[in-house]
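Participant: Here's the letter readout for the chains.
Protein chains: 2
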Amino acid sequence: MSAATPEHIMQIGLGFWASKTLLSAVELGVFSTLADGPADLPTLQRTLALHQRSARDFLDSLVALRLLERENGIYSNTPDTDLYLDRAKPSYIGGILEMANARLYGFWGSLTEALRSGELQNEGKGGGEDLFAALYADPDRLRGFLTAMSAISAGAAHAIAGKFPWSEYKTFMDLGSAQGMVPATLAHDHPHLTGIGFDLPAVKPVFEEFIAQRGLEDRVRFRGGNFFEDPLPEVDVIIMGHILHDWDLAKKRALLGKAFDALPKGGAIIVYDAIIDDDRRENAFGLLMSLNMLIETAGGFDYTGEDCQAWMRDVGFSRTRVEPLVGPDSMVIGFK
Amino acid sequence: MSAATPEHIMQIGLGFWASKTLLSAVELGVFSTLADGPADLPTLQRTLALHQRSARDFLDSLVALRLLERENGIYSNTPDTDLYLDRAKPSYIGGILEMANARLYGFWGSLTEALRSGELQNEGKGGGEDLFAALYADPDRLRGFLTAMSAISAGAAHAIAGKFPWSEYKTFMDLGSAQGMVPATLAHDHPHLTGIGFDLPAVKPVFEEFIAQRGLEDRVRFRGGNFFEDPLPEVDVIIMGHILHDWDLAKKRALLGKAFDALPKGGAIIVYDAIIDDDRRENAFGLLMSLNMLIETAGGFDYTGEDCQAWMRDVGFSRTRVEPLVGPDSMVIGFK
Chain P
237 MSAATPEHIM QIGLGFWASK TLLSAVELGV FSTLADGPAD LPTLQRTLAL HQRSARDFLD
297 SLVALRLLER ENGIYSNTPD TDLYLDRAKP SYIGGILEMA NARLYGFWGS LTEALRSGEL
357 QNEGKGGGED LFAALYADPD RLRGFLTAMS AISAGAAHAI AGKFPWSEYK TFMDLGSAQG
417 MVPATLAHDH PHLTGIGFDL PAVKPVFEEF IAQRGLEDRV RFRGGNFFED PLPEVDVIIM
477 GHILHDWDLA KKRALLGKAF DALPKGGAII VYDAIIDDDR RENAFGLLMS LNMLIETAGG
537 FDYTGEDCQA WMRDVGFSRT RVEPLVGPDS MVIGFK
Chain B
237 MSAATPEHIM QIGLGFWASK TLLSAVELGV FSTLADGPAD LPTLQRTLAL HQRSARDFLD
297 SLVALRLLER ENGIYSNTPD TDLYLDRAKP SYIGGILEMA NARLYGFWGS LTEALRSGEL
357 QNEGKGGGED LFAALYADPD RLRGFLTAMS AISAGAAHAI AGKFPWSEYK TFMDLGSAQG
417 MVPATLAHDH PHLTGIGFDL PAVKPVFEEF IAQRGLEDRV RFRGGNFFED PLPEVDVIIM
477 GHILHDWDLA KKRALLGKAF DALPKGGAII VYDAIIDDDR RENAFGLLMS LNMLIETAGG
537 FDYTGEDCQA WMRDVGFSRT RVEPLVGPDS MVIGFK
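Those sequence lines, one after another, are chains P and B. Positions 237 to 572 (this note's numbering) are the ones given, in order, by the first sequence. Positions 237 to 572 (this note's numbering) are the ones given, in order, by the second sequence.
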């Protein structure tokens with residue numbers, strides 16, 4: 237007991253201070269501004285419309301959090317924040333943090349209520365509109381959400397392109413493709429592949445713009461539909477990324493079964509998410525993502541590789557395996 | 237650039253997930269319950285009134301965050317959480333996290349607005365009641381706040397008792413004493429000392445109960461008053477812990493000047509806070525605490541050791557020095 241200190245507890249318990257400071261910095265455009273060039277305090281205060289009272293504390297907090305650098309009073313981005321938090325770069329991942337800032341931070345304030353009731357705490361709370369209905373009804377909100385999903389899928393997309401035996405397959409479909417980061421990455425890295433992005437019809441213009449920007453429109457097309465209700469196109473490989481965790485167990489099984497039925501013999505499914513380690517004690521991000529599904533969805537939850545492989549075998553896949561991708565994400569592969 | 241990854245950014249940006257999970261666990265009494273004995277999932281779900289949907293994800297998230305242990309399906313506290321987050325133990329520091337959960341998490345949601353306006357975002361927003369007026373008007377809320385302040389002062393109190401030359405002094409006063417953790421610790425560790433806790437009159441019953449529980453009422457007394465308006469008692473050493481950062485520069489200087497005037501020649505002042513390192517790039521907690529003062533007070537801010545020593549010398553203290561205490565806290569000492 238003599239080794240016990242309160243530091244770890246306090247660091248996590250007041251961790252929302254650092255978190256919200258970064259979220260506000262993304263909202264205020266700190267990193268996009270500094271991507272245009274380093275700047276001193278008065279310049280940043282004016283450009284970002286910061287009040288004098290706390291501008292310096294705010295920026296120096298970001299320095300202490302290793303999100304900015306400061307030399308002789310001149311602030312600049314770190315290599316990480318310059319690459320990932322400059323809105324002008326295709327590598328921008330701030331979309332997910334913009335969404336977290338505008339929506340999730342507040343909704344997570346009701347976590348205790350969610351843990352007691354088992355009910356979601358977002359726009360859909362108390363019978364309000366469903367998350368996806370809300371997101372997909374407003375073009376600007378939809379674009380923001382889809383960009384955010386691209387941002388958090390980029391690393392996984394590259395890993396999937398490299399770690400799956402694509403030379404043995406010709407066609408693929410990304411179910412719940414959003415903007416199309418995975419289809420674009422696969423088609424770019426493997427010129428023999430043609431693919432389909434499948435998502436709700438409202439996604440079409442955003443998807444087609446993203447694919448056309450990359451010059452891949454001859455090999456990657458969009459199919460609009462509802463993946464629970466509409467038939468799935470015939471392809472060799474079906475991918476579901478950050479999709480399965482949105483749904484309850486019955487719908488998870490239904491989606492996997494529908495994919496199995498649509499695949500040819502020899503076809504494969506790739507499911508990826510922040511897959512929880514089988515012993516449920518290492519992947520904190522995956523476990524917390526599952527609590528995020530509590531906040532965001534009616535019945536969704538994250539799951540272990542073992543869980544997913546068992547569901548895949550139940551619906552008929554013969555061989556299954558789990559492979560880590562990047563960060564907290566892994567993929568589960570099933571062969572028909 | 238090839239070494240850049242988004243992990244550090246995502247870990248901080250979504251850090252509010254882990255933070256709120258711990259805050260909800262404290263609110264729900266997870267650690268106090270487990271202090272009575274380890275328990276399995278069904279027992280905890282029932283005892284804590286958790287909905288079945290996410291009870292396991294919630295508890296396993298706490299395992300992955302190293303805040304709980306789990307062996308063969310039986311959950312138990314870690315040594316840290318058992319000592320610091322069991323409400324029944326005097327070492328409980330959960331009061332500050334209860335306050336963070338009930339108040340600060342939500343108020344910090346308005347950080348961007350605070351950074352733009354320079355205005356506080358708590359109960360006092362838009363001309364509402366002042367933080368201290370709000371806290372001190374309601375006995376339950378006051379007790380919670382004072383307990384929280386004891387919790388975050390305990391480590392510093394022990395360090396101050398050990399690192400200051402108390403043998404050279406006989407009397408002290410803790411200005412803004414709250415419940416009395418510092419006076420109690422000093423009187424306990426140094427039997428030759430007598431001391432005064434000075435705070436608003438509403439604090440008296442909570443202070444006297446705390447001191448009496450420790451059998452120190454013959455050497456530690458309470459003095460009710462407003463430290464800006466009322467005269468200060470004559471003592472050898474004046475202590476101000478987590479006080480100076482609440483106020484703007486003019487009030488900081490006024491408080492230091494008033495302390496100087498009240499001290500005898502040879503007397504000393506001890507100021508402690510989450511003192512920011514002079515280069516303002518290491519003590520992230522101190523810098524974020526200063527943003528917390530933006531959220532919580534009209535003009536408060538945290539400061540470096542150099543700042544504080546300069547203010548002390550300006551009001552007349554001849555020798556000053558800074559000494560680290562525990563965690564992010566340091567003390568600045570001034571001798572008259």
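Any given hint might turn out to be false.
If chains are identical, the list can't say which one is meant, so a pair holds when it fits in one copy or spans any two.
Stated by the list, open to error - Calculated cross-link-like contacts (lysine to any residue; reagent style SDA-like; alpha-carbon spacing at most 25 Å):
| hint | residue 1 | residue 2 |
| --- | --- | --- |
| 1 | 494 | 517 |
| 2 | 325 | 338 |
| 3 | 325 | 243 |
| 4 | 325 | 517 |
| 5 | 325 | 247 |
Just so you know, these hints were derived from the structure itself, not from any lab.
Participant: Confirm or reject each hint.
Facilitator: Evaluated hints:
no. : hint      : in the structure
1   : 494 / 517 : neither (32 Å within a copy, 54 Å between copies)
2   : 325 / 338 : within (21 Å within a copy, 39 Å between copies)
3   : 325 / 243 : between (37 Å within a copy, 18 Å between copies)
4   : 325 / 517 : neither (36 Å within a copy, 27 Å between copies)
5   : 325 / 247 : between (32 Å within a copy, 21 Å between copies)
In this structure, the hints that do not hold are numbers 1 and 4, in rising order.
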